[in-house]
Amino acid sequence: MRLIHWLALVPFVGMLAGPIVHNDLHPLILGMPFPLGWVTVWVVLTAIIMAIVYMLDPANRDDAP
Amino acid sequence: MNSALVLIGFAALVALLLGIAARRGKKMGMEQWAVGGRGFGWIFVFLLLAGEIYTTFTFLGASGFAYGLGAPAYYIIAYGTLAYIIAYFMLPPIWRYARDHALHSQPDFFIRKYNSQALGALVSLVDLIALIPYLVLQLTGLGIIVVAAGYGAVSKDVAVWIGAAIVTVYVMVSGIHGSAWTSVVKDILILVVVLFLGIYLPVTLYGGIGPMFEKIDAAKPGFLVFAASGQSVAWFVSTVLLTAVGFFMWPHSFVACYTAKDERVFRRNAIVLPIYQLVLLFVFFVGFAAVLQVPGLKGADTNLALFKLVTQQFSPAVVGIIGAAGVFTALVPGSLITMTAAMLLAKNVAGLVRPNATDAQHVGLAKLLVPVVMLVAVYFTLTGSATIVAMLLLGYSFVTQLFPAVIASLTPRNPATAVGVFAGILVGVAVTAILTFTKTTVGSLFPELPEVVRDLNVGIIALVANVVVMVGVSAVTRSGVEAARA
Chain G
0 MRLIHWLALV PFVGMLAGPI VHNDLHPLIL GMPFPLGWVT VWVVLTAIIM
50 AIVYMLDPAN RDDAP
Chain W
0 MNSALVLIGF AALVALLLGI AARRGKKMGM EQWAVGGRGF GWIFVFLLLA
50 GEIYTTFTFL GASGFAYGLG APAYYIIAYG TLAYIIAYFM LPPIWRYARD
100 HALHSQPDFF IRKYNSQALG ALVSLVDLIA LIPYLVLQLT GLGIIVVAAG
150 YGAVSKDVAV WIGAAIVTVY VMVSGIHGSA WTSVVKDILI LVVVLFLGIY
200 LPVTLYGGIG PMFEKIDAAK PGFLVFAASG QSVAWFVSTV LLTAVGFFMW
250 PHSFVACYTA KDERVFRRNA IVLPIYQLVL LFVFFVGFAA VLQVPGLKGA
300 DTNLALFKLV TQQFSPAVVG IIGAAGVFTA LVPGSLITMT AAMLLAKNVA
350 GLVRPNATDA QHVGLAKLLV PVVMLVAVYF TLTGSATIVA MLLLGYSFVT
400 QLFPAVIASL TPRNPATAVG VFAGILVGVA VTAILTFTKT TVGSLFPELP
450 EVVRDLNVGI IALVANVVVM VGVSAVTRSG VEAARA
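Taken in order, these protein sequences are the chains called G and W.
Just so we're aligned, residue 0 is where the first sequence starts under numbering that gives the first Met the number 0, counting upward by one.
Just so we're aligned, residue 0 is where the second sequence starts under numbering that gives the first Met the number 0, counting upward by one.
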């Protein structure tokens, strides 16, 4: 595992932590119940995090084998 | 004949013609038919993998799930997203191995990695037990959609036969190319329909997303958050993790990976697919919108929530477009499942009795088996056997049992032996079946443990048993092999 790969663990922790810490309707996130809104926000963050991993992972460079 | 039915019929025709036309310019040998010549770019691979997310189960099931159970449905958005992260790391080595060894099915992977035909046969069996009910589900969903969106003008049986015939023809002619091209239309249609419904219904019926959830909470307190026990937060976390690892163990998703033209396709999709997962959110919104509008649906009828609300709110022409999208969500995954099942029957099951068959013979037989697989599925769909529903619940847990062996095989020094993997999968599958049929939960097994542990998804027990047996038997058989060598 390269160092940058460990970044991919963040969404696992982030996404699942929300409902553990706070399982309540309020505050609504984007109009959604908190657990659903939290998961939704983390879906977007996951895409961003994976984009960063993709860019920094040497395996995806054009000169990679 | 009503206008909705005309649109649905037109969609079915488009699927058939597009599925057949997908063959154009390709010689349908084994490589093209089963794995698209391993030349698909990220969009096609994206659509084939996304096909897994948007089946009739999503369209009817996810809205019905949100409608019937509320918060537990949230897990569906979370697990897919995490599955794509796992895919970033897991799929490239699988794809490389499949390319280097010209693999065409999931059992092929196990046979090669563990050098065991017997293991291939076991995996084929597990795959088929999971795939056939999944196909039945697509056909059942198709029947529900055509009856609901066609205002009952066409019977369920007729709809199922026509849908099955369309899939059979284009899979025989075009193989996985047919699935890829029809999925283009499917995903565009479903995207438009779901975004429209998911925004329009909450806004017009409730004055917005926020007000909708506030009203539901007022009417059904606790419905939108996880329960204190049962399907609690602990259930949510364990279910998300368990289903995330099982996601790519579905044999048709596994094979869809073989079609990629390079390994970067998967890494790129790990960025795009999570965003696509958000479309499910709008399916949920439709289900939630139905809660106060069409109350009282129970059990299997919750699957009708979306169409009950839609037929109540829209004119037949709009219902027809929604029905057409629904029909595509049945046909596309149905075609991929049918092809996968026919392929592994031809190569890995029939291959046991004729080990020297050529690729041309394998693919010839696979094409002939397509209608056979479909007839079996149609039979179960029309008889509506209760067993098939029970088997369906098992399907996901069954394919998840393949995960430990796949991961072990990707490590530099595979700690697992063929015998160990065989025993592990067998135990995992048996434990899953027993736990499911006896309706056992972690809580009923260990009532003295704290709530957090009691609510864990019971599938974890099967997976742990699988890993323990796999590691234990592998250690014994490996030392046996080494002793024999010494």
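Rather than coming from a laboratory, the hints here were simulated on the basis of the structure.
For clarity, every value in this text was computed on a predicted model and none was experimentally measured.
Don't take each hint at face value.
[Said to hold, decoys possible] Taking lysine to aspartate or glutamate and the DMTMM-like style, the derived pairs with C-alpha atoms no more than 25 Å apart in a straight line are:
hint: 1; chain 1: W; residue 1: K297; chain 2: W; residue 2: E213
hint: 2; chain 1: W; residue 1: K219; chain 2: G; residue 2: D56
hint: 3; chain 1: W; residue 1: K25; chain 2: W; residue 2: D216
hint: 4; chain 1: W; residue 1: K307; chain 2: W; residue 2: E447
hint: 5; chain 1: W; residue 1: K214; chain 2: W; residue 2: E262
hint: 6; chain 1: W; residue 1: K260; chain 2: G; residue 2: D56
hint: 7; chain 1: W; residue 1: K260; chain 2: G; residue 2: D61
hint: 8; chain 1: W; residue 1: K214; chain 2: G; residue 2: D56
hint: 9; chain 1: W; residue 1: K26; chain 2: W; residue 2: E213
hint: 10; chain 1: W; residue 1: K260; chain 2: W; residue 2: E450
hint: 11; chain 1: W; residue 1: K26; chain 2: W; residue 2: D358
Here is what the structure says about each hint:
1. Between K297 of chain W and E213 of chain W, the direct Cα distance comes to roughly 23 Å. Compliance with the 25 Å bound is thereby established for this hinted pair.
2. Distance check on the hinted pair: K219 of chain W and D56 of chain G sit about 47 Å apart at the alpha-carbon level, beyond 25 Å; violated.
3. Our distance criterion of 25 Å between C-alpha atoms is broken by K25 of chain W and D216 of chain W, whose separation comes to about 55 Å.
4. Note on K307 of chain W and E447 of chain W: the hinted pairing is violated, with a Cα-Cα distance of about 44 Å set against a maximum of 25 Å.
5. Straight-line distance between C-alpha atoms of K214 of chain W and E262 of chain W comes to about 47 Å, which puts the hinted pair past the 25 Å bound.
6. For a cut-off of 25 Å, the pair hint linking K260 of chain W to D56 of chain G stands: about 19 Å separates their Cα positions.
7. With a C-alpha separation of about 15 Å, the suggested pairing of K260 of chain W with D61 of chain G holds against the 25 Å cut-off.
8. A C-alpha spacing of about 46 Å is found between K214 of chain W and D56 of chain G, which places the hinted pair above 25 Å, so the restraint is violated.
9. A hinted pair counts as satisfied when its Cα atoms are at most 25 Å apart, and K26 of chain W with E213 of chain W does not qualify at roughly 57 Å.
10. For the hint pairing K260 of chain W with E450 of chain W, the CA-to-CA distance comes to about 48 Å; that exceeds 25 Å, so the pair is violated.
11. Distance hint between K26 of chain W and D358 of chain W is fulfilled; the C-alpha atoms sit about 13 Å from each other, no more than 25 Å.
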